[in-house]
Amino acid sequence: MAQVPIHPGLFTLPGDPRGPRLLAAHCATCGKYHFPAASTCPYCSAAECAVEAIGGRGSLWLHTVVNARPPGYRGPLPYGFGIVDLPEGLRVVSRLTEARLESLRPGMPLALEIAPLFVDDAGDEVLSFAYRPPAGENA
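With the numbering used here applied, the sequence shown corresponds to residues 1 to 139, in that order.
Calculated directly from the structure, the hints in this document are not laboratory data.
A portion of the hints provided could be inaccurate.
Claimed, not checked - Label-pair ranges, simulated between beta-carbon atoms:
#, residue 1, residue 2, range
1, Gly123, Pro8, 15 to 21 Å
2, Asp121, Thr29, 38 to 44 Å
3, Pro116, Arg18, 17 to 23 Å
4, Glu102, Gly31, 37 to 43 Å
5, Met1, Gly31, 23 to 29 Å
6, Ile83, Ala38, 18 to 24 Å
7, Ala28, Ala68, 38 to 44 Å
It should be emphasised that the depicted structure is a prediction, and the values quoted were computed from it without experimental measurement.
Every residue gets a Cβ at the ideal spot worked out from N, C-alpha and C, and that includes glycine.
All chains, please: the whole structure from these sequences, using the hints.
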């Protein structure tokens, strides 16, 4: 069974020596990051953006739990959904691996995970990213 990303260029793939990371663009002009990566900076319109691997860790800023399947979503239910603060200055909207509302709290540390979300019609595992509480972290 092959593993394919849910969308190319969003994150590193398993086996990457950098570990699980998001692929964001870093603007050489204003110094800001943006995700997903694009060649033009959304903040200053400069075209000098380089892709960098970031976001291995973050902290939870806002969260909820999704119990109803959104259109097109083929992964498991329920799932956590939140906004994650990254040390690089970004807030990223992400799926969370923890689906118990009582186990999530603002400010909790999170680690990025790249893992299968579902098996597509061709029989391939479709990989996506999500943030999870580090092992042993429970609210």
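Evaluated hints:
Under the hint 15 to 21 Å, the C-beta atoms of glycine 123 and proline 8, about 19 Å apart, fit the expected range. Separated by about 43 Å at the C-beta atoms, aspartate 121 and threonine 29 satisfy the suggested range of 38 to 44 Å. Between proline 116 and arginine 18, the C-beta spacing of about 20 Å keeps the proposed range 17 to 23 Å intact. Our hint of 37 to 43 Å for glutamate 102 and glycine 31 holds, since their Cβ atoms are close to 39 Å apart.
The supplied range of 23 to 29 Å is broken by methionine 1 and glycine 31, whose beta-carbon atoms lie about 41 Å from each other. A beta carbon spacing of about 20 Å between isoleucine 83 and alanine 38 agrees with the range 18 to 24 Å that was offered as a hint. Checked against the hint of 38 to 44 Å, the C-beta distance between alanine 28 and alanine 68 comes to roughly 43 Å, which is consistent with it.
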